[in-house]
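**Student:** Next come the chains, spelled out residue by residue.
2 protein chains.
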Amino acid sequence: MKKVVNLDENHKDVGRSAQEQSFTMPFIGMHKTELDTPALLIDLDKMEANIRTMAAYFSTVNAQLRPHVKTHKTPIISHKQIAAGAIGVTCAKLGEAEAVIHAGIRDVLIANQIVGAQKIARLINLAKHSEIMVAVDNAQNVQAISEAASAKDANVRMLVEVNIGMDRCGVEPGEPALELAELIRKSPNVEFAGLMGYEGHTVAKPDKAARNAAAREAIQILVDAKHYLEKRGVAVPIMSGGGTGTFNITGSIPEMTEVQAGSYVLMDATYGNVEGIGEHFERALSVLATVVSRPAPDRIIVDTGLKVLAKEFGIPQPVGVTGVEMTGLSEEHGKLLVSDETVSLNPGDKLEILPTHCCTTVNLHDRYYGIRNGIVESVWEIAARGKAQ
Amino acid sequence: MKKVVNLDENHKDVGRSAQEQSFTMPFIGMHKTELDTPALLIDLDKMEANIRTMAAYFSTVNAQLRPHVKTHKTPIISHKQIAAGAIGVTCAKLGEAEAVIHAGIRDVLIANQIVGAQKIARLINLAKHSEIMVAVDNAQNVQAISEAASAKDANVRMLVEVNIGMDRCGVEPGEPALELAELIRKSPNVEFAGLMGYEGHTVAKPDKAARNAAAREAIQILVDAKHYLEKRGVAVPIMSGGGTGTFNITGSIPEMTEVQAGSYVLMDATYGNVEGIGEHFERALSVLATVVSRPAPDRIIVDTGLKVLAKEFGIPQPVGVTGVEMTGLSEEHGKLLVSDETVSLNPGDKLEILPTHCCTTVNLHDRYYGIRNGIVESVWEIAARGKAQ
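As given, the protein sequences belong to chains A and B, one line each in that order. Be aware that the first sequence starts at 1, since it is given in this note's numbering, and climbs by one per residue. Be aware that the second sequence starts at 1001, since it is given in this note's numbering, and climbs by one per residue.
Hints are computed from structural coordinates only; laboratory data are not their basis. Just so you know, these numbers come straight off a predicted model, no measurement behind them. Errors might be hidden in some of the hints.
As the list claims (entries may be wrong) - Between beta-carbon pairs, the in silico distance windows are:
no.	chain 1	residue 1	chain 2	residue 2	range
1	B	His-1031	A	Ala-121	12 to 20 angstroms
2	A	Gly-323	B	Gly-1374	55 to 63 angstroms
3	A	Ala-49	B	Ser-1330	27 to 35 angstroms
4	B	Lys-1208	A	Ala-121	44 to 52 angstroms
5	A	Ala-209	B	Gln-1220	56 to 64 angstroms
6	A	Met-25	B	Glu-1255	44 to 52 angstroms
7	B	Lys-1208	A	Gly-104	56 to 64 angstroms
8	B	Lys-1208	A	Ala-209	46 to 54 angstroms
9	A	Ser-339	B	Ile-1315	29 to 37 angstroms
10	A	Ser-339	B	Ile-1375	52 to 60 angstroms
11	A	Ala-49	B	Glu-1341	45 to 53 angstroms
12	B	Glu-1034	A	Ala-49	14 to 22 angstroms
Stated by the list, open to error - Restricting the straight-line Cα-Cα distance to at most 27 angstroms, the calculated cross-link-like pairs of lysine-lysine (DSS-like) are:
no.	chain 1	residue 1	chain 2	residue 2
13	A	Lys-205	A	Lys-231
14	A	Lys-311	A	Lys-205
15	A	Lys-311	B	Lys-1128
16	A	Lys-311	B	Lys-1205
17	B	Lys-1152	B	Lys-1046
18	B	Lys-1046	B	Lys-1350
19	A	Lys-205	B	Lys-1311
20	B	Lys-1152	B	Lys-1128
21	A	Lys-152	A	Lys-205
Stated by the list, open to error - Derived, one-sided and incomplete: chain B residues facing chain A with beta-carbon distance under 10 angstroms:
no.	residue
22	Ala-1092
23	Gln-1140
24	Lys-1186
25	Pro-1188
26	Thr-1290
27	Val-1291
28	Lys-1307
29	Glu-1332
Note that CB positions come from ideal geometry on N, CA and C, so glycine has one too.
The shape of chain A in the complex, shown without the other chains (with noise of 0.2 angstroms):
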C-alpha cells in the first residue's frame, strides 16, 4: 500500500512503502553529519556521475549495458541506469529480480542457475510478469525449467553458461555447450538465448596490461564457443560477460552484446585501485562512523565493525582525514591507529570510512541514505538486503 508524500524538490522519494515513508521522513533535509551512525551514505552526484560516465562508453560500443543488481540492491538505482540506456539489470538471486520486477522492471537477466523445484516455481511466477532470463550449465536443470514454464505457459529465456577459465560454474565450451543449447532448443517454453561467460578471475587484477591480456584470453574462449555453435547451425543472439573491472575491454570485443558491470555505480577502495578504471568513476559511497573512543592519543575506537563494513577485499581507509589508518576491524569496532597525535578526533566526531567492497558491504544495511551537497535528499531501503534465496 503507497502513500503520496507531498515532498518539495530537494525531498524526493520513490517507490517506497507508506512505513518506510514514515520512518525515513524525519531524516530528508538533514546535514550527513547529523545522521546517527553507522549509516551507509550515497553521494548523490558522484553515483550519478558513474551512471552517465557508464551510459557515454557504451554508446561507442557494439555491447550494451545490463548492471547489475547485486551491488546495489535497490530498484530505483535500477531505474536510473535503465533511463540512461541500459537495456535491463542482471541479478544473482530470484530475491533480487523479485524485488525488482516488483518495482516495474521486465528485462531481467539472473546470472546464475536457478535449482530446485521451489525456485524454479519461483522463475516461472517472474516469467509471467517479465521477460526474464536465467543461465544454465546442466541438462536436468533445462528440462526442469521447461516443464514447468509448459505447465504454466511461461516462456523462459536461457542463456548457457560457459566456463571461461574462472573454473566455478559453466559448461565447458565447444561439444558441451552445443550439447546444452541444442538441449533447449528442441525443449518446449525455453528459448536458447546465447552464451554467458564470466571472466571473474580477470576483473580485479590491478595492472591494467595484465588485465586486458587475461580478460581477452578469457573472452576469446566465449567467442571461439559462438563460433562453434553458429558453425553447427545454431545462432547465438546474446553474448554477455564482463564485470566493473572490464567494462571497456570486454565491452570493446565486438562480438560481445551485453555487459554485466555492477560495482561502476557506488565504486569501492578496491577497484578504485584497478588502473584504467578507478579513474573513470567516483567513490560515491561510505559508511559514516562514530568516534566511541580514544583511549590513547595513537588510537582512535569507531562503531563501524565487521556487521557493517566487509574486509574481505581489505581493511576499509577514513576519507579526508590524514594521519589516521584504520588498522582492524572486529564485529562491532574499528580500531585506527593515529600516526599525526594532533588529529583532534575525539568521542562523538564522525568520519566516513571508504569500503573496500561495495557488494557485501550495501548486503549489510537496511537502507542508503542519498546525500547532495551535504544534506539527506533520500533515503532507499535496499529491497534486496539478505534476499539470498
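With the hints as your guide, set chain B onto chain A.
**Tutor:** Chain B only, in chain A's frame:
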C-alpha cells in the same frame, strides 16, 4: 499487533508478529532438507544442551552468566538463557538492547560506549523500561549521560571499562579508572556499578595452557584495578568480563561476578577447535546450501557465498560429508573441491555448512529455522539482525 495462532505441540511459535507468523507457518513441520536455501538452521536439541551445560558450570562458581545477545540477536534465545539461570543479558548495540527490552528482558548491560546525543536519548528512554547498565571510558560521556538521565528522572548504571591488554576501548587501570569511578559517584542519576574488562585478545587461542595464562594475566589487571579502587574507598560490586573462549578461566576467578559469553549457545568451527572449550558444546548452527552446479567431477558449486557465510575466521566447511572441501567463497557461490570422485552430490542436492564465525554469520540472515529430529519446529525472526546503531 499479535495474533494467537493455534499450533500443536510440534509447532511451537513464540513472540512473533502476526505478519511474521503467517509468513513462516508454511515451513513448520517440513523436513529440513525440504527448506529452500540458503537457510540458517539451529539444531534445537544441541542449542538447549549448550544452555544447560553453561548453566551447570555457573552453578559451581562465584561468577554469574550474563550471555551476549550479539551472537544470536534473538529475544527468545535470551529468555531461554535467563530461564536456565543467567542474570540478564549483554548487548553490543542499543538496537539489540531495544529488541530484548521490548521482548520483556529487564537486566541489560550494553558492553560498549554509547556516544552522541541521539544514542544517549535512546539509552535514557530504555532506562525508563529496564535496569540498564552501560560501559564508559570517558568523562565527557559520563557527564552527557548523567545530564540526560537527570532531565528524564531516569537512572543508568555504569561499568568503567578498563583496558586489560586488548588495546581497544577502556581507560588504563589504576588512577584513570579510579578518577572515572569517582566522577560517576558524584554525578546525578548515574551509579558506579563496577568494572569491566574484555580479554578479547586471548579468547580464541586454541592452545589451552597458552589461553589460560594469557587470560589470567589480563584478568589480573582488572582484579588489581578493583583492589586499587577498594583501597581508596570505592566499592566495586560488579566485575564483568570473559567470553566463550575463557568462560571456565575468567569464570573461575573469585573476584569476577559476571561473564559475557555469547557464542557458546550456537558455536562455530573456530570455537569448536579451541581446546578446553570445543569439547563442552555442540555445534548447533549451520547454513543449509544447495548444489547449483557440478561442472566437473572434482568441482561442486553451492549457493552459499559471502552474503550468507562470514569467512573472516576461515572458510566454512560442510558437515557430514567426506571427500569434499570448500576451497573458496565468492559473493554468491561456494566452491568445493572433490577429492573422492564417488561423492554423489549433484545439482539440487543439499548439504549443511558449519560457520567459522557464528556472530557475523547470524547477522547476515533474517530468520532461523529451528530443527528438532530433522523437522522444522519453529521459525524465529532474528529481531536485532542489522541493528548496528
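**Student:** Determine for every hint whether it applies to the structure shown.
**Tutor:** Verification of the supplied hints:
1. With their beta carbons about 18 angstroms apart, B/His-1031 and A/Ala-121 fall inside the hinted range of 12 to 20 angstroms.
2. Taking the beta carbon of each, A/Gly-323 and B/Gly-1374 are about 57 angstroms apart, inside 55 to 63 angstroms as hinted.
3. Between A/Ala-49 and B/Ser-1330 the Cβ separation comes to about 28 angstroms, which falls inside the hinted range of 27 to 35 angstroms.
4. Separated by about 51 angstroms at the C-beta atoms, B/Lys-1208 and A/Ala-121 satisfy the suggested range of 44 to 52 angstroms.
5. Hint check: A/Ala-209 to B/Gln-1220, Cβ distance near 57 angstroms, so the stated range 56 to 64 angstroms holds.
6. Range check, A/Met-25 to B/Glu-1255: about 50 angstroms between beta-carbon atoms, so the 44 to 52 angstroms window is met.
7. The hinted window of 56 to 64 angstroms between B/Lys-1208 and A/Gly-104 holds, with their beta carbons roughly 59 angstroms apart.
8. Taking the beta carbon of each, B/Lys-1208 and A/Ala-209 are about 52 angstroms apart, inside 46 to 54 angstroms as hinted.
9. A/Ser-339 and B/Ile-1315 have their C-beta atoms about 34 angstroms apart, which keeps the hinted 29 to 37 angstroms range intact.
10. Range check, A/Ser-339 to B/Ile-1375: Cβ separation about 57 angstroms, and the 52 to 60 angstroms hint holds.
11. The given range of 45 to 53 angstroms is respected by A/Ala-49 and B/Glu-1341, whose C-beta atoms sit roughly 51 angstroms from each other.
12. Look at B/Glu-1034 against A/Ala-49: about 48 angstroms separates their beta carbons, and that is not inside 14 to 22 angstroms.
13. Only pairs whose Cα atoms come within 27 angstroms are accepted, and A/Lys-205 paired with A/Lys-231 is rejected, the gap being roughly 34 angstroms.
14. Only pairs whose Cα atoms come within 27 angstroms are accepted, and A/Lys-311 paired with A/Lys-205 is accepted, the gap being roughly 18 angstroms.
15. With a C-alpha separation of about 38 angstroms, the suggested pair A/Lys-311 and B/Lys-1128 falls outside the 27 angstroms cut-off, and the hint is violated.
16. Restraint check for A/Lys-311 and B/Lys-1205: the C-alpha separation of about 22 angstroms stays at or below 27 angstroms, so the hint holds.
17. Distance restraint check for B/Lys-1152 and B/Lys-1046: the Cα-Cα separation of roughly 44 angstroms exceeds the 27 angstroms cut-off, and the hinted pair is therefore not satisfied.
18. At most 27 angstroms may separate the alpha-carbon atoms for a hinted pair to count; B/Lys-1046 and B/Lys-1350 meet this at roughly 21 angstroms.
19. Between the alpha carbons of A/Lys-205 and B/Lys-1311 the distance comes to roughly 22 angstroms, so the proposed pair stays at or under 27 angstroms and holds.
20. With a CA separation close to 9 angstroms, the supplied pair B/Lys-1152 and B/Lys-1128 stays within the 27 angstroms bound.
21. Under the criterion of a C-alpha separation no larger than 27 angstroms, the hint pairing A/Lys-152 with A/Lys-205 is inconsistent with the structure, at around 45 angstroms.
22. Given hint, B/Ala-1092 at the interface with chain A, holds; its Cβ is 5 angstroms from that chain's nearest Cβ, closer than 10 angstroms.
23. Among the interface hints, the one on B/Gln-1140 holds; its C-beta lies about 7 angstroms from the nearest C-beta in chain A, closer than the 10 angstroms criterion.
24. For B/Lys-1186, the shortest C-beta to C-beta distance to chain A is roughly 20 angstroms, which exceeds 10 angstroms, and the interface hint is violated.
25. Here the hint on B/Pro-1188 is broken, as its CB sits about 21 angstroms from the closest CB of chain A, past 10 angstroms.
26. Given the 10 angstroms rule on beta carbons, the hint for B/Thr-1290 holds: about 6 angstroms separates it from the nearest Cβ of chain A.
27. With its C-beta approaching chain A no nearer than about 7 angstroms, B/Val-1291 sits inside the 10 angstroms limit, and its interface hint holds.
28. Here the hint on B/Lys-1307 is kept, as its CB sits about 5 angstroms from the closest CB of chain A, short of 10 angstroms.
29. For B/Glu-1332, the interface hint holds, since its Cβ comes within 10 angstroms of a Cβ in chain A; the closest pair sits about 5 angstroms apart.
Violated hints for the displayed structure, listed by number in ascending order: 12, 13, 15, 17, 21, 24, 25.
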